[in-house]
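Enquirer: Make a model of the complete structure from these sequences and hints.
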Amino acid sequence: MTSWRKLLFLFLIMETTPQMGFALSEEKEIKQGAAEHQKIVGRFGVYKNPALQEYVAKVGNRIAAQSSRPELKYYFTVLNDDMINAFALPGGFVYITRGMLVHMNSESELAAVLGHEIAHITEKHGLRRKSRSKVQDIVSVGAAILTGQPGIVELGQVLGGVLITGYSREFELEADQVGASYMAKAGYSPEAMLKTIEILKNKDR
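Using the working numbering, the first residue of the sequence shown is number 10, and each one after it goes up by one.
It is worth saying that the hints were derived from the structure and are not from the lab.
Possibly wrong hints are sitting among the right ones.
[Stated by the list, open to error] Heads up, simulated DSS-like pairs for lysine-lysine below, C-alpha to C-alpha not over 27 Å straight-line: (1) Lys133 - Lys67; (2) Lys82 - Lys40; (3) Lys194 - Lys204; (4) Lys82 - Lys67; (5) Lys67 - Lys194; (6) Lys48 - Lys37; (7) Lys133 - Lys37; (8) Lys133 - Lys204; (9) Lys67 - Lys37; (10) Lys48 - Lys194.
[Stated by the list, open to error] Pair by pair, the computed Cβ-Cβ distance ranges are: (11) Gly108 - Gly51: 16 to 22 Å; (12) Leu203 - Gly51: 31 to 37 Å; (13) Lys204 - Ser34: 34 to 40 Å; (14) Lys82 - Arg178: 28 to 34 Å; (15) Glu200 - Ala44: 34 to 40 Å; (16) Asn114 - Gly196: 17 to 23 Å; (17) Ala44 - Gly108: 33 to 39 Å; (18) Leu61 - Lys37: 30 to 36 Å; (19) Glu36 - Asn114: 34 to 40 Å.
Backbone N, C-alpha and C fix where the C-beta goes; we use that ideal spot for every residue, glycine too.
Expert: Here it is, written out as structure tokens:
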């Protein structure tokens, strides 16, 4: 193995630490989320109902105030899309579609959805998922360097952006538990979390 390959491989391995996803400062986390927010709004559009937007934000902020990151500014947006979905981005950005709202039967159920998404933010699931993905990509790049076959993987994959894809079961269960805790502290019944889970389970049936 040539010396430059050894050095590059060692550098990549040093970068694959468990703290990769947590090293991002809150300022950068917010900046990253804000950049992705523009893409989300551009793709789905904001639902033109100021009263509804205000109501969702009111419920969301009530829960966020009881979270482990109450100092973070949260942004709640109802998207103009009929799919049943809700998701969050790093930095305090929470989204729920009008299609999801149609299936909400109470404020507590709305609180359950928002609490779940707020938990994804407070537990930094988006950043942790991205970190794990980077580790996998870096290991692949390292293997390509060691074998002398860089064509195995594109280096650009290591710098991939945030993608709105499903979280692992581990993260989803954690968001359920943490979100239910936030709900209870905010005065909502955590039992509503079970109802919303059923809604999400049945959305594709």
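Enquirer: If you draw a straight line from the CA of Lys82 to the CA of Lys40, is it 27 Å or shorter?
Expert: Since the Cα atoms of Lys82 and Lys40 sit roughly 12 Å apart, the hinted pair holds (cutoff 27 Å).
Enquirer: Could you see if the CB distance from Ala44 to Gly108 stays within 33 to 39 Å?
Expert: Since the Cβ atoms of Ala44 and Gly108 sit about 25 Å apart, the hinted range of 33 to 39 Å is violated.
Enquirer: Check the following: the C-beta atoms of Gly108 and Gly51 are separated by a distance inside 16 to 22 Å.
Expert: Since Gly108 and Gly51 have Cβ atoms about 19 Å apart, the given range 16 to 22 Å holds.
Enquirer: Within a Cα-Cα threshold of 27 Å, do Lys82 and Lys67 meet the stated pairing?
Expert: 13 Å, holds
Enquirer: Okay, Leu61 versus Lys37 on CB: inside 30 to 36 Å?
Expert: 31 Å, holds
Enquirer: Given the hint that Lys67 pairs with Lys194, test it: the Cα-Cα distance must not exceed 27 Å.
Expert: 15 Å, holds
Enquirer: Is the gap between the beta carbons of Glu36 and Asn114 within 34 to 40 Å?
Expert: 39 Å, holds
Enquirer: Tell me if the straight-line CA distance from Lys48 to Lys37 falls inside 27 Å.
Expert: It holds: about 17 Å lies between the C-alpha atoms, which stays within 27 Å.
Enquirer: Between the beta carbons of Asn114 and Gly196, is the distance compatible with 17 to 23 Å?
Expert: This hint holds: roughly 18 Å between Cβ atoms.
Enquirer: Are the Cα positions of Lys133 and Lys37 separated by 27 Å at most?
Expert: Judged against 27 Å, a Cα distance of about 13 Å means the pair holds.
Enquirer: Hey, Lys67 versus Lys37, does the alpha-carbon distance stay inside 27 Å?
Expert: 26 Å, holds
Enquirer: Just to be careful, I want the Cα atoms of Lys133 and Lys204 compared with a cutoff of 27 Å; is the pair within it?
Expert: 25 Å, holds
Hint compliance for this structure: hints 10 and 17 are broken, all remaining hints hold.
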